[in-house]
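*Asks:* What follows is each chain in one-letter form.
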Amino acid sequence: MHAFLLVALTFFISPALFAENAPAAAAPSFAAESTGTALNATTGVDKIAVNLIWILIAGFLVMFMQAGFALVETGLCRAKNAAHVMSTNFMIYSLGMLGFWICGFAIMFGGYWNGPVPIGWQPTLGHGLQWLNVEHGIKLMGKTFGLMGGRGFFLNPSVLHTAVFALFLFQMVFMSTTAIIPTGAMAERWNFKNFILYGFWVGMLPYAFFGNWVWGRGWLAQLGQNFGLGHGHVDFAGSSVVHMCGGVIALAGAWVLGARLGKFDSAGRARPMPGHNIIYVMLGTFILAFGWLGFNSGSTLAGTDSRIAVIAVNTMLASAAAAVATCLVMYAKFGKPDPSMMCSGMLAGLVAISAPCAFVSSMGAVVIGLVAGVLVVFSVFFVEGTLKLDDPVGAISVHGTNGAWGVLSLGLFANGTYGQGWNGVHVLLKNGVTQIIKNDGTPEIAKKFMDATAAGWVDQGVTGAFGKWFGAAYNDGSQFGAQIVGTLTCLVFVGFFSFLWFKLSNLVVPIRSSREHEIGGLDMPEMGAEAYPDYHLTDRSSPPIAS
Amino acid sequence: MKKIEAIIKPFKLEEVKEALAGIGVEGMTVSEVKGFGRQKGHTEIYRGSEYSVDFLPKVKIEVVLDNSQSQSAVDAIVKAAKTGKIGDGKVFVLPIEEAVRIRTDERGDKAI
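Which chain is which? The protein sequence lines are A and B, in order. For the first sequence, the numbering used here gives the first residue as 1, with consecutive numbering after it. For the second sequence, the numbering used here gives the first residue as 1, with consecutive numbering after it.
Take these hints with a grain of salt, some might be off.
[Claimed, not checked] Simulated pairs of lysine to any residue, SDA-like, Cα-Cα distance not exceeding 20 Å: (1) B/Lys2 / B/Ile112; (2) B/Lys60 / A/Leu537; (3) A/Lys388 / A/Gly258; (4) A/Lys336 / B/His42; (5) A/Lys336 / B/Glu44; (6) A/Lys336 / B/Tyr51; (7) A/Lys333 / B/Ser52; (8) A/Lys336 / B/Glu50; (9) B/Lys60 / A/His536; (10) B/Lys40 / A/Pro544; (11) A/Lys388 / B/Ser49; (12) B/Lys34 / A/Pro544; (13) B/Lys40 / A/Arg540; (14) A/Lys336 / A/Val374; (15) A/Lys447 / A/Trp121; (16) A/Lys333 / B/Gly48; (17) A/Lys336 / B/Gly48; (18) B/Lys34 / A/His536; (19) B/Lys3 / B/Arg101; (20) B/Lys40 / B/Ser52; (21) B/Lys60 / B/Thr29; (22) A/Lys468 / A/Ile436; (23) A/Lys333 / B/Glu50; (24) A/Lys388 / B/Glu50; (25) B/Lys3 / B/Val74; (26) B/Lys90 / B/Pro57; (27) A/Lys139 / A/Gly150; (28) B/Lys34 / A/Arg540; (29) A/Lys333 / A/Val371; (30) B/Lys34 / A/Tyr535.
Since the hints were made in silico from the structure, they are not lab data.
Please work from the sequences and hints to get the whole structure.
*Replies:* Listed below in structure tokens is the structure:
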């Protein structure tokens, strides 16, 4: 705002400053920079610089979440497997990153420049993103459906630009979050060699395809332009792209792997196998909550987007509401609040708010968090008690169930105060009537849009089915429709693809650790080192195992 | 020579040690154990599933002493370790065949 006023002001006074007969010696030194063009250029460069710094700092925060996940998962598992569980959390960062560098990023963002985008959109990170301009898709019934990007493999020289590299870093740590989630659900019996294969695969393929469809301008983002479903499938920071993806991969993996020995008794009842360190779990949860502030706020891809404050506060509120909700549910059901479950609660709130964080009021954020806190508890019971799946850390419930809740809640509670023109769909409102203008990149459409806004039509942000309750000017049920399509796509595509992967990889390298190793502890046989060599481990958490 | 084995509540260790020092007992060996008695345990819930907690942490004290000290040592331990609540523990007395001090090769009563 200040930059704009400065530029406008300078435009009027600059002729006077550059009058030929101005005394040269007395002219202040900033005169040369205060012409409209030069100041514009400086401001523009400064804006991009601020955006780059922001996305990098936020990306560094998200990278630190790897430590949070590692602590949470290892604390929830038994001491005899601590080095093994820790190692899967450690290596996934490196393996996934290489996979993403090889082709994951290219598949996901190779077509990023191709739109659809809002009218007047400028790349917040700079025009280097223009090299991400190859999107492969199909044309059906006159509409395009983007399926995968095709530029940027191995971050090759054709995309050598700061903007692309900054985007790569930020998106890589998001991929790493998806990749690390299944290591929790599959802990304590996953053969490390098979895990290494998984590390490459997850960085290269499943996340990249679904991510392209939502964030890379693919067909889920295009649902708005193609079928009038709101602004297409909207997911701000990744409840579906990151968390539900991770949760669904975890589901498929836990299913293929089978339960830990002794987890279910002969009657099919689940036996608890308590984690060995609650301090790690809670410390890890706080580290995740801290990193999440970067995860959500950084997803503006712009430090100059003042919405970052709203996003950060919504994130905090949802996490707190969820933790409290879980605490109260556990008190009500069992009389004691179970520390590990309270942690799962806070994480569930963070997962759920990731999609809607930019688009909801603070009341909306609290409601979303409260529901997440209740949902995660009953989901844990369902996964273990009904589906009979062994998920040592509750990853399927925290990330899968609440990832779905997150994107669906966006379709319900988004209040239209942000996201005007998202995915190239402008919904304008005047006197209770809506007008939709879809950006096809032509100047004619841009003019139509400018004329409409000049005539009093107001561009609405992303709005949900019950947006009016939270301050929106109208309700958009079709947004909820788009969210449903995205959620189901994630479940079906990622679920099936992962199931296929785990089954096939098992033929190459057995996915399950050997029985003896699982019983004695995986640390020494698979990793060659114990996490606690100085301690006499009692193995108190292990259940009886039928011989 | 007699050996006294006492299973006591962990927080009572300091008190029992002082009591034994008070009657002239000059050494002991202590280990961390777990156990239960007639009252068994109880059930807890972890993430929605029930499990039983039978074993409770205890401390085991082993002292080898002269026959003449044995009775007063047992009395001292019982008095210091008693709380009156369940889980106070037990004391056992066993006969010892031989004792050797490793440093000096002394045997028998001189080794205690």
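*Asks:* Of all the hints numbered above, which does this structure not satisfy? Sort the numbers upward.
*Replies:* none
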